[in-house]
Amino acid sequence: MAGLDSQLDLPKGVSTKVVGKGFDWGRLVRYALLIMFAALVLMPVYVLIVTSFKGVGDADPSRAWAFPKIWTLEPWKTAFVGIGGIPPVGPALGRTLIMVIPAAVISSILGSMNGFVLSRWRFPFANVVFAFILFGMFIPYQAVMVPLYSLVNDLSGIVPRGIPVLIMLHVIYGIPITTLIFRNYYQSVPQELIEASRVDGGGMLRTYFSVVLPISMPSFVVVLIWQFTSAWNDFLFARFFGGNMQTQAPVTVVLQNMATGGTTGSVWGATMAATLLSCLPTLLVYILLGKYFVGGLMSGSVKG
Amino acid sequence: MTPVSETVTSAPPQAAPKPTPAPKRSKRKQWIKRNLPPILLISPSLILVGVFVYWLIFSSVGTSLTNNHTMPQVMGAEEVEFVGLENYANLLRDPDFLHSLRNLGLYTLVFLVGTMFFGFLWAWILEKRARFEGFFRSVLLFPMAVSSVAAGVVWRWLLSPTEGKNSSGLNRIFESLGLTGLENSWAQDSKWGILAVTIPAVWQLSGYVMALFLAGFRGIPNELREAARVDGANEWQLYRHVLFPQLSPVALSAVIIIGHMSLKVFDLIMAIAGKDAYQTMVPAIDVYNFISGRQDYANAAAVGVIMLLAVLVLIVPYLVHTAREDKR
Numbered sequence: 000m001a002g003l004d005s006q007l008d009l010p011k012g013v014s015t016k017v018v019g020k021g022f023d024w025g026r027l028v029r030y031a032l033l034i035m036f037a038a039l040v041l042m043p044v045y046v047l048i049v050t051s052f053k054g055v056g057d058a059d060p061s062r063a064w065a066f067p068k069i070w071t072l073e074p075w076k077t078a079f080v081g082i083g084g085i086p087p088v089g090p091a092l093g094r095t096l097i098m099v100i101p102a103a104v105i106s107s108i109l110g111s112m113n114g115f116v117l118s119r120w121r122f123p124f125a126n127v128v129f130a131f132i133l134f135g136m137f138i139p140y141q142a143v144m145v146p147l148y149s150l151v152n153d154l155s156g157i158v159p160r161g162i163p164v165l166i167m168l169h170v171i172y173g174i175p176i177t178t179l180i181f182r183n184y185y186q187s188v189p190q191e192l193i194e195a196s197r198v199d200g201g202g203m204l205r206t207y208f209s210v211v212l213p214i215s216m217p218s219f220v221v222v223l224i225w226q227f228t229s230a231w232n233d234f235l236f237a238r239f240f241g242g243n244m245q246t247q248a249p250v251t252v253v254l255q256n257m258a259t260g261g262t263t264g265s266v267w268g269a270t271m272a273a274t275l276l277s278c279l280p281t282l283l284v285y286i287l288l289g290k291y292f293v294g295g296l297m298s299g300s301v302k303g
Numbered sequence: 000m001t002p003v004s005e006t007v008t009s010a011p012p013q014a015a016p017k018p019t020p021a022p023k024r025s026k027r028k029q030w031i032k033r034n035l036p037p038i039l040l041i042s043p044s045l046i047l048v049g050v051f052v053y054w055l056i057f058s059s060v061g062t063s064l065t066n067n068h069t070m071p072q073v074m075g076a077e078e079v080e081f082v083g084l085e086n087y088a089n090l091l092r093d094p095d096f097l098h099s100l101r102n103l104g105l106y107t108l109v110f111l112v113g114t115m116f117f118g119f120l121w122a123w124i125l126e127k128r129a130r131f132e133g134f135f136r137s138v139l140l141f142p143m144a145v146s147s148v149a150a151g152v153v154w155r156w157l158l159s160p161t162e163g164k165n166s167s168g169l170n171r172i173f174e175s176l177g178l179t180g181l182e183n184s185w186a187q188d189s190k191w192g193i194l195a196v197t198i199p200a201v202w203q204l205s206g207y208v209m210a211l212f213l214a215g216f217r218g219i220p221n222e223l224r225e226a227a228r229v230d231g232a233n234e235w236q237l238y239r240h241v242l243f244p245q246l247s248p249v250a251l252s253a254v255i256i257i258g259h260m261s262l263k264v265f266d267l268i269m270a271i272a273g274k275d276a277y278q279t280m281v282p283a284i285d286v287y288n289f290i291s292g293r294q295d296y297a298n299a300a301a302v303g304v305i306m307l308l309a310v311l312v313l314i315v316p317y318l319v320h321t322a323r324e325d326k327r
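Top line first, the protein sequences correspond to chains A and F. Sequence positions in the first sequence follow numbering that gives the first Met the number 0 and run 0 to 303. Sequence positions in the second sequence follow numbering that gives the first Met the number 0 and run 0 to 327.
Keep in mind that the hints are not guaranteed to be accurate.
Claimed, not checked - Within a straight-line C-alpha distance of at most 25 Å, the following computed SDA-like cross-link-like pairs (lysine to any residue) qualify:
no., chain 1, residue 1, chain 2, residue 2
1, F, K127, A, A125
2, A, K290, F, G218
3, A, K68, F, T161
4, F, K164, A, T259
5, F, K274, A, M244
6, F, K127, A, I69
7, F, K127, F, L223
8, A, K290, F, K127
9, A, K290, F, Y277
10, F, K164, A, I69
11, A, K68, F, N165
12, F, K127, A, G289
13, F, K164, A, V46
14, A, K68, F, T321
15, F, K164, A, P67
16, F, K32, A, G289
17, F, K190, F, G273
18, A, K290, F, R130
19, F, K164, A, E194
20, F, K127, A, A38
21, A, K290, A, V55
22, F, K190, F, Y277
23, F, K32, A, L39
24, F, K164, A, G161
25, A, K290, F, L251
26, F, K274, A, G161
27, F, K26, A, A125
28, A, K290, A, F122
29, F, K32, A, M244
30, F, K127, A, P67
31, A, K68, F, I172
32, F, K28, A, E194
33, A, K290, F, S137
34, F, K28, A, G200
35, A, K290, A, L276
36, A, K290, F, I56
37, F, K28, A, V198
These aren't lab readings, by the way, just hints derived from the structure by calculation.
So that you can see chain A by itself, here it is in the shape it has in the complex (with noise of 0.2 Å):
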């Protein structure tokens, strides 16, 4: 992980051009074809934000992908509102960040002491130590599901469902992931370091808070994103466990069912506006961390 800034940029120094003569056709059509996929890739998006500016009359089949005729903020106040039986989404958006902000924290605190005792400060069997957590995050959560769900009803009167549960949830089944980046980042510390804390008559905590926690930095933002965006983003916990859709559950449980709970074209306004609206986290996130956020995904290849 030690380029983890610069993972997909090349390194300094390196062309790849190739020497050509005159006008350079290649470099035509790639353009072209970059600007076409991009597009594409933005079409929904395009879809998202006008829409989310039609007036009820607006959203007309046959002004399917037109301009709204007048831009109007009224889809946002209804989705701040409500529609029919779909909750507003305002304070869903709030449960939602209560329920991100401690599921990233604490399971990125848990990652950084596993990955440190099982590459820096290691102890016998460290290694099926780590393939033991590390399964957890391959297991579609389908197979656990059924015991997860009589186990959750049973601890109801510690855990109460909604927020709580879930951010215990995303907790525990963050482990494995958590600790497959910090472990991995461990292991570009030299061990020397350790060595001469130790030599010093440093024992594992002070080590821990004094020589390798504070460079631990690029990996905790790393980490915080990865699991901030997929707490954000999840919908099978949330579905399971999310409870009171008016009152506990997270964004996207009100998200979905503002999309297939059996609204007419004439809420689709809102119900864009609502999506956009539940992107805007994450999609900041991406925006202003981006080389983290790919830090993240590269490491869900296994090696890091």
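Position chain F relative to chain A; hints supplied.
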């Protein structure tokens, strides 16, 4: 550190043979002093993973071998009996479940081919250091940052099944271009509806595969290219004999990651077609319906275990292979 050293000193002293009591004891002490702290530090995570992954899988397998099909049984009011592999046998004979499996197979195949095609193509275009490369990369990768549910909302609209004068979404584009033959009912098509769902899936994950391939391209030492050029290799030979072989581990990772995501598909279909659409039914939605609709825990567990087996068949050889490569 106090609690740890306390534990160390209070460790029960072993009755050691007389000649060498001190060194042996101190060796054991040393071992504990060295290894107990890291073991203590990792044990909360170990216990949580042990319970929430391993114990629950074990418990799922147990439930899947019973006749726990009704609510009273779930509540403990009626007997639950062991029935062996009966649920699996019944599921694999049930035309509805076979239809789910067929859908999952089709979806996985098209999803894989689509993401690999676009992912590689985009990486290949960008690899040659285009201007604004960072911008294009960000645009092509952005759908990854959006939830499948949000993506599903838009694509549900784009894949709206109405045809002719009242069409919207993609059908509207075909209508206005005069390509009425291309209009179709997308995800609601009774036979090929599941393939419509692969369009947003490919849209969402091609950028990821692109990022993997791009990192692969960038990881190839430049000396290799130079050497090939010096040897007089043309562009095609360079790719065929130098770059492609270097990229094959990346391609394998991409196939494994995408394949493994594909087997779990749930969110996207729930948002585009909902939980009841037969055309787009997949095992993950079967599990949902078995649990929350029919309260049939035994079959829900059995489908979950089948999904796990499918993932294991894909993942285990890959992990073994990776571990071996690492050792070399």
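The hints, checked one at a time:
1. F:K127 / A:A125: With a Cα-Cα distance of about 42 Å, the restraint between F:K127 and A:A125 is violated, given a limit of 25 Å.
2. A:K290 / F:G218: holds (17 Å)
3. A:K68 / F:T161: Distance ~23 Å between A:K68 and F:T161 Cα, so the pair holds.
4. F:K164 / A:T259: holds (23 Å)
5. F:K274 / A:M244: Given that 25 Å is the threshold and the Cα spacing comes to 17 Å, the pair holds.
6. F:K127 / A:I69: Distance ~44 Å between F:K127 and A:I69 Cα, so the pair is violated.
7. F:K127 / F:L223: Given that 25 Å is the threshold and the Cα spacing comes to 16 Å, the pair holds.
8. A:K290 / F:K127: With a Cα-Cα distance of about 20 Å, the restraint between A:K290 and F:K127 holds, given a limit of 25 Å.
9. A:K290 / F:Y277: Since the Cα atoms of A:K290 and F:Y277 sit roughly 41 Å apart, the hinted pair is violated (cutoff 25 Å).
10. F:K164 / A:I69: holds (23 Å)
11. A:K68 / F:N165: The given pair, whose Cα atoms are some 18 Å apart, holds under the 25 Å limit.
12. F:K127 / A:G289: The hint holds at about 21 Å.
13. F:K164 / A:V46: This hinted pair holds, its Cα atoms lying about 19 Å apart.
14. A:K68 / F:T321: Not OK: A:K68 and F:T321 at ~57 Å, beyond 25 Å, violated.
15. F:K164 / A:P67: holds (19 Å)
16. F:K32 / A:G289: It is violated: about 43 Å lies between the C-alpha atoms, which goes past 25 Å.
17. F:K190 / F:G273: With a Cα-Cα distance of about 17 Å, the restraint between F:K190 and F:G273 holds, given a limit of 25 Å.
18. A:K290 / F:R130: Holds, because 18 Å separates the two Cα atoms, which is no more than 25 Å.
19. F:K164 / A:E194: violated (75 Å)
20. F:K127 / A:A38: Measuring from Cα to Cα gives roughly 20 Å; hence the hint holds.
21. A:K290 / A:V55: Violated, because 40 Å separates the two Cα atoms, which is more than 25 Å.
22. F:K190 / F:Y277: Given pair F:K190, F:Y277 holds - Cα atoms ~10 Å apart, limit 25 Å.
23. F:K32 / A:L39: violated (60 Å)
24. F:K164 / A:G161: violated (44 Å)
25. A:K290 / F:L251: Given that 25 Å is the threshold and the Cα spacing comes to 24 Å, the pair holds.
26. F:K274 / A:G161: holds (21 Å)
27. F:K26 / A:A125: holds (20 Å)
28. A:K290 / A:F122: Violated, at roughly 33 Å.
29. F:K32 / A:M244: violated (51 Å)
30. F:K127 / A:P67: At roughly 40 Å apart (the allowed maximum being 25 Å), A:P67 and F:K127 break the hint.
31. A:K68 / F:I172: Satisfied, since the Cα-Cα distance of roughly 19 Å is no more than 25 Å.
32. F:K28 / A:E194: holds (20 Å)
33. A:K290 / F:S137: Cα-Cα ~10 Å, so holds.
34. F:K28 / A:G200: Within the cut-off at roughly 17 Å; holds.
35. A:K290 / A:L276: Roughly 23 Å between the alpha carbons, so the hint for A:K290 and A:L276 holds.
36. A:K290 / F:I56: violated (36 Å)
37. F:K28 / A:V198: holds (18 Å)
Hints 1, 6, 9, 14, 16, 19, 21, 23, 24, 28, 29, 30 and 36 from the earlier list are contradicted by this structure; the remaining hints agree with it.
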